[in-house]
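A.B. asks: For the sequence shown, the residue numbers in this note's numbering are 1 to 584.
These are computed hints drawn from the structure, not numbers from a lab.
Some hints could be false.
What the hints assert, rightly or not - With a straight-line cut-off of 25 Å between C-alpha atoms, the simulated DSS-like cross-links for lysine-lysine are: (1) Lys-299 to Lys-144; (2) Lys-566 to Lys-576; (3) Lys-124 to Lys-76; (4) Lys-250 to Lys-579; (5) Lys-288 to Lys-117; (6) Lys-9 to Lys-288; (7) Lys-246 to Lys-580; (8) Lys-76 to Lys-299; (9) Lys-43 to Lys-76; (10) Lys-466 to Lys-434; (11) Lys-314 to Lys-117; (12) Lys-350 to Lys-338; (13) Lys-580 to Lys-544; (14) Lys-192 to Lys-250; (15) Lys-190 to Lys-250; (16) Lys-338 to Lys-466; (17) Lys-439 to Lys-288; (18) Lys-144 to Lys-2; (19) Lys-427 to Lys-444; (20) Lys-24 to Lys-45; (21) Lys-9 to Lys-444; (22) Lys-444 to Lys-434; (23) Lys-229 to Lys-250; (24) Lys-9 to Lys-124; (25) Lys-544 to Lys-566; (26) Lys-466 to Lys-439; (27) Lys-256 to Lys-192; (28) Lys-159 to Lys-192; (29) Lys-314 to Lys-338; (30) Lys-100 to Lys-144; (31) Lys-256 to Lys-190; (32) Lys-576 to Lys-250; (33) Lys-124 to Lys-192; (34) Lys-566 to Lys-299; (35) Lys-77 to Lys-229; (36) Lys-76 to Lys-24; (37) Lys-45 to Lys-338.
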Amino acid sequence: MKRIAIVDKDKCNPAGCGNYLCAKLCPINREGTDCIFVGDDKKAKIDEALCIGCGICVHRCPFGAIEIINLPEELKKNPIHRYGQNEFALYSLPTPIFGKVVGILGVNGIGKSTAIKIIAGVLKPNLGNFDSEATFQELVQYFKGTEAQNFFEAVRDGKIVPAYKPQAVDAIPKQFAGTVRELLTKADQKQKLAEMSAALDLTKLLDHNIEHISGGELQRVAIAATALKRANLYIFDEPASYLDIKQRFKVSDLIKSLADENTAVLVIEHDLIILDYVADLVHLMYGKEGVFGVVSLPKTARVGINVFLSGHLKEENIRFRDHEIRFGSKPPDHKEGKAAISAWRDVSKKLGNFTLAAAQGAINQNEIIGVLGENGIGKTSFVKLLAKVMDPDFGVIDEKIVVAYKPQYLQPNEELVMTVLHDAITKYEAQLIKPLNLKGLFTKQLNHLSGGELQRVAIANCLSQKADLYLLDEPSAYLDVEQRLLVSRIIHDIMELRGTSCVIIDHDLLFVDYISKKIMVFDGEPAVRGNVHGPFNMQDGMNKFLTMLNMTFRRDHESNRPRANKPGSQMDRVQKAGKKLYYI
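Taking the hints into account, I'd like the entire structure generated from these sequences.
C.D. replies: Right, dumping it as structure tokens:
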């Protein structure tokens with residue numbers, strides 16, 4: 001049986017385990033053959049050809065640094081790319097299709113970004129040979145008889161011109177100095193700068209310095225710069241990150257408009273509503289995070305997302321999750337009677353040129369309230385008022401409660417994760433540490449964590465505190481689909497167990513739908529004024545919010561997940577006529 005061995009260099013700590021405990025315990029080593037040996041970097045290395053898959057090293061490594069995986073029988077070929085000995089391996093690629101937007105869906109660490117970097121030409125694949133890049137002829141032979149063969153032949157012949165928007169848009173200010181206009185002018189090969197700026201609401205930002213714009217503005221600039229290039233393959237890695245719901249749909253419409261008979265589009269996205277809305281076809285990626293990744297055959301977007309939620313690829317006979325994810329078919333029952341733990345009346349706050357106003361509302365015991373609204377409309381500021389981080393100028397916030405607050409922007413420092421999570425480790429290992437998979441991060445400093453790791457630490461830190469009201473600002477940011485839904489279940493279970501309440505700001509409508517019992521809606525004019533409405537029951541709150549967006553949503557008849565209706569479609573017209581924009 002073919003197997004793959006992974007050694008996490010960051011976790012491997014020979015001094016801490018008594019000088020290569022794994023090698024001392026390995027049965028093959030004890031027979032006199034070096035299956036596990038010391039590499040040039042002084043970390044443990046494993047000879048996969050000698051490994052018998054006994055699992056002793058995996059279970060006895062005190063730092064969880066080793067993974068041994070028996071690969072599916074169909075993975076007989078060498079990988080399309082492997083980063084090095086005992087490192088991640090990718091076994092197949094998504095296929096761009098002219099005239100279509102093809103989505104890629106999978107958990108973090110499964111190889112999505114690696115796959116599209118190869119497609120974009122940013123990363124040269126090595127077909128498992130660490131010492132040299134593969135030639136085009138080798139790639140054509142590797143994919144012989146598949147659509148990928150035609151693609152690499154076209155790349156070889158210079159017929160594919162890619163334009164690639166990477167995931168890390170926050171790196172743009174480090175790579176470019178100047179104004180938004182200067183950056184976009186440099187990228188504008190289509191002479192459509194004005195048109196693109198208007199489509200993505202960038203016109204007022206054109207003369208702003210790149211260093212001084214927000215994450216959401218950087219994302220839209222990066223998308224505009226990519227779309228302005230003259231290409232026939234556009235690749236977008238997580239284009240919805242940092243954007244509010246209104247902006248996500250605008251960006252989706254722009255991305256869809258790029259695909260024609262001469263142009264293909266690839267998109268990685270964790271927001272399932274946006275992925276469903278923008279993609280014609282979807283590749284699922286499965287395997288083992290940080291170990292290996294495999295790309296499934298393409299499916300229609302609806303079917304592909306439902307298969308992902310089911311956790312079972314029937315055609316490949318692969319079960320990649322041990323449970324199915326399902327949604328309720330109707331809004332949760334609206335029950336009153338619980339005591340109010342926080343209430344506000346005639347609240348207003350002036351923040352520079354921005355004014356926030358909240359007429360009247362209350363949060364009851366044991367409620368989970370989702371907060372929806374555009375960026376720059378005062379959502380975070382209102383949460384800070386509730387959290388007593390700042391005080392209102394006028395009005396009353398009536399609460400005699402303890403509040404735990406997770407901010408939107410996480411500030412990493414040199415503190416160790418185990419220090420930050422001391423209370424969670426000692427009191428909530430089963431509720432927080434294990435489900436959020438945090439044990440392997442204990443000895444890391446916060447400033448060495450990825451965005452998703454830092455987010456999970458921040459969520460655990462907030463929920464481990466003893467409080468009456470938990471305020472979480474954008475907890476889904478940097479998390480993959482499975483992590484988002486897992487976090488929602490953890491929050492729900494903790495609120496039920498403790499009888500406490502939670503207010504959650506987020507831009508992923510599916511996440512908000514999955515977790516919330518009530519909805520608060522913010523409207524107004526970004527950066528000028530914001531008005532707080534609610535809390536409402538789910539149906540009334542979603543109807544109010546979607547009226548602002550001029551959109552309707554239906555339920556998928558298999559999974560019950562929310563799906564956006566195409567504007568002007570029959571379903572869209574029927575739901576608007578019946579004033580039921582979300583639940584039908």
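A.B. asks: Would you list, in rising numerical order, the hints stated earlier that this structure does not obey?
C.D. replies: 9, 11, 12, 29, 33, 35, 36, 37
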